[in-house]
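Residue numbers (the numbering used here), protein chains in the order written: chain A, 1 to 262; chain B, 1 to 325; chain C, 1 to 555.
Please keep in mind that the hints were generated in silico from the structure rather than gathered at the bench. A hint or two may mislead.
[To be verified] Far from chain A, some chain B residues (derived; all Cβ distances over 10 Å): (1) Leu33; (2) Asp93; (3) Arg104; (4) Gly124; (5) Asp181; (6) Asp191; (7) Leu205; (8) Glu214; (9) Pro271; (10) Lys284; (11) Trp322.
[Stated by the list, open to error] Going by beta-carbon spacing under 8 Å, a handful of chain C positions derived as facing chain B: (12) Gly320; (13) Val321; (14) Phe325; (15) Ser326; (16) Pro530.
This structure is a prediction, so every number in the text was calculated from the model and none was measured. All C-beta atoms in this analysis are idealised placements derived from N, C-alpha and C, irrespective of residue type, glycine included.
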Amino acid sequence: MKALSQRRRHPLAAVALLLMGLLITGGLYAAASSVNEAQAATTYSASDVNEGNKLFVANCATCHGMNAEGSPSGPSLVGVGAAAVDFQVGTGRMPMQMNGPQAQEKPKQFTDEETKQLAAYVASLGAGPAVPDEELLDTSKGNSAAGGEIFRVNCAMCHNAAAAGGALTRGKFAPSLAGVSEKHIYEAMATGPQNMPVFNDSNITPDEKRDVITFLKEIEAQGSPGGAQLGSLGPVSEGLLIWTAGLGIVIAFTIWLTSRPS
Amino acid sequence: MDTFQDPGLPPHRPRLADVDPRAAKRAERQVTLLFVLSVLGTLLFFVAYFVVGHAESIGEIRLQNTLLGIGTAFAMLGIGVGIVHWAKTLMPDHEITEMRHEVRTEEDRQVAETMLGDIIEETGIKRRPLIRNSLIAAVALAPIPAIFMFRDLDRTGASAGQIVDRLRHTMWDKGIKLVRDPSGTPIKASDVQIGSAFHVIPDGLNEMEDPLNEKAKAVVLLMRLDPEKMHISPERQTWHHDGIVAYSKICTHVGCPVALYEQQTHHLLCPCHQSTFDLTQECKVIFGPAGHALPQLPITVDSEGYLVAQSDFHEPVGPSYWERG
Amino acid sequence: MSSTTEYRPKTSTGRIADFVDTRVGASQIVKEFGRKIFPDHWSFMFGEVALYTFVILLISGTFLTFFFDPSMAHTTYNGSYNPLKGVQMSVAMASTMDISFDVRGGLFMRQVHHWSALLFVAAVSVHMLRVFFTGAFRRPRELNWVVGGTLLVLAMAAGFTGYSLPDDLLSGNGLRIIDGVIKAIPVVGTFISAFLFGGEFPGTAIVGRLYMLHIMLVPAMILLMIGIHLFMVVVHKHTQYRGPGRTNDNVVGFPVGPVYAAKAGGFFFIVFGIVAAISGFFTINPIWNYGPYDPSPVSAGTQPDWYIGWVDGALRLMPGVLGNFSFEWIIPFPWGDNNLILNVLLPMVPAAILIGAMFAWPWIERWITKDNREHHLLDRPRNAPFRTGVGVAGVIWYCVMWCAASSDLIATHFHVSLNDVTYWLRALFFLGPILGFIVARRIALSLQRKDREIVLHGREAGVIEMSPEGGFSEQHVALDEYKLYKLVSFESHEVLPPEADRVGHVTRSEKARGAISKFFFEDRVAPVTPAELEAAHGHHAPAIEASSENASIER
Chain A
1 MKALSQRRRH
11 PLAAVALLLM
21 GLLITGGLYA
31 AASSVNEAQA
41 ATTYSASDVN
51 EGNKLFVANC
61 ATCHGMNAEG
71 SPSGPSLVGV
81 GAAAVDFQVG
91 TGRMPMQMNG
101 PQAQEKPKQF
111 TDEETKQLAA
121 YVASLGAGPA
131 VPDEELLDTS
141 KGNSAAGGEI
151 FRVNCAMCHN
161 AAAAGGALTR
171 GKFAPSLAGV
181 SEKHIYEAMA
191 TGPQNMPVFN
201 DSNITPDEKR
211 DVITFLKEIE
221 AQGSPGGAQL
231 GSLGPVSEGL
241 LIWTAGLGIV
251 IAFTIWLTSR
261 PS
Chain B
1 MDTFQDPGLP
11 PHRPRLADVD
21 PRAAKRAERQ
31 VTLLFVLSVL
41 GTLLFFVAYF
51 VVGHAESIGE
61 IRLQNTLLGI
71 GTAFAMLGIG
81 VGIVHWAKTL
91 MPDHEITEMR
101 HEVRTEEDRQ
111 VAETMLGDII
121 EETGIKRRPL
131 IRNSLIAAVA
141 LAPIPAIFMF
151 RDLDRTGASA
161 GQIVDRLRHT
171 MWDKGIKLVR
181 DPSGTPIKAS
191 DVQIGSAFHV
201 IPDGLNEMED
211 PLNEKAKAVV
221 LLMRLDPEKM
231 HISPERQTWH
241 HDGIVAYSKI
251 CTHVGCPVAL
261 YEQQTHHLLC
271 PCHQSTFDLT
281 QECKVIFGPA
291 GHALPQLPIT
301 VDSEGYLVAQ
311 SDFHEPVGPS
321 YWERG
Chain C
1 MSSTTEYRPK
11 TSTGRIADFV
21 DTRVGASQIV
31 KEFGRKIFPD
41 HWSFMFGEVA
51 LYTFVILLIS
61 GTFLTFFFDP
71 SMAHTTYNGS
81 YNPLKGVQMS
91 VAMASTMDIS
101 FDVRGGLFMR
111 QVHHWSALLF
121 VAAVSVHMLR
131 VFFTGAFRRP
141 RELNWVVGGT
151 LLVLAMAAGF
161 TGYSLPDDLL
171 SGNGLRIIDG
181 VIKAIPVVGT
191 FISAFLFGGE
201 FPGTAIVGRL
211 YMLHIMLVPA
221 MILLMIGIHL
231 FMVVVHKHTQ
241 YRGPGRTNDN
251 VVGFPVGPVY
261 AAKAGGFFFI
271 VFGIVAAISG
281 FFTINPIWNY
291 GPYDPSPVSA
301 GTQPDWYIGW
311 VDGALRLMPG
321 VLGNFSFEWI
331 IPFPWGDNNL
341 ILNVLLPMVP
351 AAILIGAMFA
361 WPWIERWITK
371 DNREHHLLDR
381 PRNAPFRTGV
391 GVAGVIWYCV
401 MWCAASSDLI
411 ATHFHVSLND
421 VTYWLRALFF
431 LGPILGFIVA
441 RRIALSLQRK
451 DREIVLHGRE
461 AGVIEMSPEG
471 GFSEQHVALD
481 EYKLYKLVSF
491 ESHEVLPPEA
501 DRVGHVTRSE
511 KARGAISKFF
521 FEDRVAPVTP
531 AELEAAHGHH
541 APAIEASSEN
551 ASIER
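With the sequences and hints as input, model every part of the structure.
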């Protein structure tokens, strides 16, 4: 006891304490935020991490901080996992073009290799959702009906029942999911980009995520049995069609019908 | 009156088909062609119906639907356009004037008035007020049973008090597990990370014979946020578990599911009428037509770490009503 | 009876015709209607579009009833649409899925039915707008205007009850909104909701009940109203636009037999063809996307069909809470607290005002103008600037609410904030109709002045002349007498100041009437008189416009 109390006054004690505190909180945070993220994490090489670090400092550090600890203009990336990087960078949302209600999808700024390196770096900062295995994206193994039910309960209120997208508050929106790759859909669910809630593996299991992806890919591929879908926007686009094209054609016929031939 | 004189109908101008027999013949051929087109349209309908047959895939149904549409459209438009073209080019196009008549003539009015007067007189209804008054009473009373017949439209046989009272209660009760919608699996508090949203139903709902009525009241949205960010009133301090909160998903406006959770702004948005609720302020209304906050479900964890309700909601969920109080 | 020389038909067709004729008096019907005159104008056709789409609705709807099962019992879908296979749903939804995927042509019939329903209500609306803006509702047609308005309301009712039948997610959430609105009704709302749904929402009764209304009561009432409507058209004869040879005492047009019957009959097939083409190419109400109704899920972009949209939009526009003030009032009564849910009830007020004003307008206009004459000649909208202004104000009010129902789609498709869209529409809700009235009336007055100018100066010939002095001017060609008559034969209401009644008293309502009359008719453009035209031709002075202004605007 005496020794400890003496060492407490050691000049390095404060540093040691701080380190210990950081380790504990970091570890706890990592544990809390990686609930059941049980998929086999892709192993990244040390050089990937190094290259990723360089790319990060050059392209991301302005907002996210030199060590990805976050700043007033960008959140901390400790513990967000490789999946978050792969989604944000892979869909072109990051680096952000400008501040706005939310990061917009745009042509991606990094090659797949660079994206992987960035992901490796961020993954090295703390445990988080990993990029999903091919196995989890294989739609031939999913059940679209089960996925549809999960989609309607958890996703359709923002993304629309046919995944055509929808509005959120103050200029934000849930994008259309047409054309989004299986991997990115999975990563979005696992990491909750922007204002999207996180659907971790205990909420929607990896198998269920695959079902959702299967559902989305199936309805996208098969199209509508009834003809053009009018954006799958529901009664608004239907009403618009009948008032413009529908009545337009009717009026054209009425004018022809009541005109006098030469 | 200083107005212009009506010059009368303009002189009739003959059409091409009136003066040129070849134009008339051409019009005749056009009409025939249109009718033939209609026949082809009907044939296309049969092709779509029988050749495509019982469609196997969505693509085939689409093809069949489109062909049925084109076939019917040609069948109908061929007849319609043909007849109208016929009428326009080959039938007489002289405008004819017809005189209007008074809707009612004074002569008719007088006859009718006399007649009705006589009819009423013959019934004697004016002279015999006793008959008249008792008839009025009988006729006024007779339909009233019909109104009462509608009382059993509520098939549950509930009394008026029960009808009002059942809106106050949901399935939730002390110790009922929060389970996932639709799978019905229970949720551990440790499963709920910051930023996630769980769509929740009470345990046992899926096993019910007819779950939709209870589900319409009991659905809950479960979210976790940093407890520091929440402004919790004193009496609700124990209603959350480590920042895990549960709120009714039924909008207090007109009842749509308020399911849109923005994890960064902590706003809940209703997709039907855009009522917005602030989760950090106990879901009070910050935008849109809703009139009061979403009710909160007090929750806790059981011995195994599963999330359970502490009790039912403390106020009625869903749209407001006269007796809500 | 003495049948001394009874007619003996020679052909078999003749024998059948004679049989019918001697039993029902067909000769008389033919005599009455065979050559009845109908005026011809494209804007007169919308009533027919409405009638024909209704016939299409009856045909396609009958087909659908053979396959649809309005039961809310639970079943497991096992049809051929893979993404819903094995999903729990109601029998109503499952049978609608079967119609769409497992009955040949069933999807086509569903789409024909739904598209023609949208077109039906649209055609009724456009027809009513035509009648309003041309003043066709005036004496003797006020009651037929009311019947038409009733048909519009019934059409909306028919549409809504049908929208709710498939028991899919979209229609279920629509019903949930209806339930919420009903519960907001003071005193009786809770009970009406319980009676309508047969207990608590959603219950198991509502689809069957709406089905009965949809296939029996509402269409029967529509048929009855159509019968009355057409009967009155026959009694009144059709209105016509002003023009040479057309007076208030005659009707100029084509006889039913053969021209009008051919055109009208052919037009039925045309409307059917248009609906069929749209149904072949465009999906409507894809219930397989929405999935079965379940109180938990909801889809972004949940909207009603277009004709209910304005009411839904009004619900969206209303703020529920302003600062700390909630529009949900809790009134402490001696027996307990009761809620007056103004945030739901107030948005129903504009709907009541619009529909009420629509029904009452013929009487309102008659009260203001004191014009109780029979009108069989139509106004061009520009020649009734006050009515056009009022109509445009109403249309804009409707459209603001209509837009509000798609505020979320406006936000996503034009990349603006959902909240800002709502704020702007809230402002437009109050300003739009006022601006609409002012602008529309000004445009109408300007068009009338333009007409005067054409009458007085002739139309521009497109030939530029150079005078000996070097000035350029355009030749104007005088109108022929027929075209001229079209532009000068109209009536222009004047201000009617308040009048005293028999005892010399000016009532308050009469004063109000006088004020409205002044507001409506203070600015007016009178038709050109022969004297003015004479003067214009005589002097050939450029000051015509100024003098016409003096003549036309009375202050």
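Subject >> Hint check, failures only >> reply: Violated hints: 2, 5, 6, 9 and 14; rest satisfied.
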